[in-house]
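Q: Starting from the structure of chain A, add chain B where the hints point.
Which chain is which? The protein sequence lines are A and B, in order. To convert, take the position in the first sequence, counting from 1, and add 6; that gives the numbering used here. To convert, take the position in the second sequence, counting from 1, and add 1460; that gives the numbering used here.
What the hints contain is simulated information worked out from the structure, not anything from laboratory work. Any given hint could be a false lead.
[Claimed, not checked] These stretches of chain A come out as covered by chain B in the derived footprint (C-beta under 8 Å, 3 or more residues):
1) 113-119
2) 148-159
3) 177-189
All C-beta atoms in this analysis are idealised placements derived from N, C-alpha and C, irrespective of residue type, glycine included.
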Amino acid sequence: MIKPGAWLAKAAPLFACIGLLCLWQAASLVMKTDSFPTALESIRAIPAILGEREALVNIADSLRRMAIGLILAVLFAIPLGLMMGRIRRVASFFNPLLMVIYPVPKAALMPVIMLWLGVGDVSKTLVIFLGVSLPIIYHSFQGARAVEEKMLWSGAAMGLTAMQRMVRIVLPAALPEILTGCRTGLVLALITMVTSEMIARQSGAGNILFNSLDMGQYDTVFAMIIIIGAMGICLDAVFEVVRGWLVRWSEPQFDMPLSFS
Amino acid sequence: MTVLPLRSEIEGATALSGVVSEARAAMAMIEIDRVSQTFQTSGRQNHLALSEISLSIEDGAFVSILGPSGCGKSTLLYIVGGFVNPTAGVARVKGKAITGPGPDRGPVFQEFALFPWKNVLGNVMYGLRQQGASRAEAETQSRRLIEMVGLKGFENFYPKELSGGMKQRVAIARTLAYHPAVLLMDEPFGALDAHTRNRLQNDLLNIWERDRKTVLFVTHSVDEAVFLSDKVVVMTRAPGRIKTIVDIDLPRPRRRADLLLDPRYQKYVVDIERLIDDTGEVEAHP
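Chain A extracted, bound-state conformation (with noise of 0.2 Å):
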């Protein structure tokens, strides 16, 4: 027997998307403009977009970016986080660095690295990996930095030489901040691919939404961006499934913060 309370808290984000919905309709029936559908429309607008091939092969271009940008800057982001927690020499050439690029907007970056690598998938590959290696590398920085050091002298002591404690103790036991990186990492990966596909249309989710804003089909552009929204909230839900599996071990922390920076 669950209790009710807990059915609630469960269902919660379900009432929170219905409520937003409720509002948004009740905003659109007030407003009564064109360029503000309301939520109905929008839904029903759904289908048409998801029945047409060219829209899901735009849609499927923007996944394959964001996972490539996204698996990239993993490979990048946790190997340099983590030796910048662990040697001062990296994190002392590399800090500074980063406290330039952080607050700069990597889609501000944009129109340069279009001059220089086209239009293509590889600059909007790029500017992903760029907008979602800081966060990662910042909390695979912090998860190894506060490793215990009785933890690596116990590894020592057995025999692991520091690359072997690099690997399986360090990088182990900063995983669950390493994680919390990756999920911002994930959120802003989302953003910055619309974010790309807008500067440069060519294809894409966002050359959709952007598309479809010029001709005025103010339907499919809402109907976009709850597609949008629901792939962020999917991609998110399964993320934290396989999170909470991965470190099911650790002690429990306080509910994840929802930053998306």
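A: For chain B alone, coordinates are given in the frame of chain A:
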């Protein structure tokens, strides 16, 4: 002053010749030779933590280092562990100068320092696997050790699911698993409640009686040091120096109930407490 380098030259030479070094090993498992340790404080000042410590520990001896907090007793243990390099002097294990950590010296820390992502069995197996034991072999040995420290049935528990006393039992088993010649215990029972601490002291002695490993045991509890040790090294406040070494001549195997009534035990405790009071700090008993 030419005498000093000469002496170390001779020692270096004897370590090379097998016969002599064997004889030396029989004499001393650990040799600490005029070891000093200086730390730089945040104010850029040099803080002398250990001053010219010399100590020799025989194979199979249970030696406690006792002193007020901040006297550098843990630092001394870390130097023997190879985790900290001394500013001056040299520490040797089996006649060989210590340059880093190694599986011949197994640490047990007050903070347990278990691997939280491994369950009890995984933690105990870790060192054995690292030393090249097969999975089956490591598992058999580890299960036996887990039973020995009284945790049979908890093999699949993660550290977060264990109490402090249980965690320290796992840590002891994890270290014993790879058969270090020396156990380095850094206030291992300091974070536990009195009842748990007593039980772990008893169990540690029982385990120790089986193979009589060399143990270097850092503590600030006089009772604990007298109850467990063959020798108690009393240190002064910072800079840490050895004040006295007290030989504890009490029969083994020791039982707490017998000892508490034994006037010899009581005298050791009172004498050592006086010694520590002389160093200028009254250490509250935990």
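Q: Each of the hints needs a verdict: does it hold here or not?
A: Okay, the hints, checked on the actual structure:
Restraint check on the region 113-119 of chain A versus chain B: 0 residues with Cβ-Cβ distances below 8 Å, three needed, restraint violated. Counting residues of the region 148-159 of chain A whose CB lies closer than 8 Å to any CB of chain B gives 4, so the stated coverage by that chain holds, three being the minimum. With 3 residues having a Cβ less than 8 Å from any Cβ of chain B, the region 177-189 of chain A passes the three-residue criterion, so the hint holds.
Checked against the numbered hints listed earlier, the structure breaks hint 1 alone; every other hint is satisfied.
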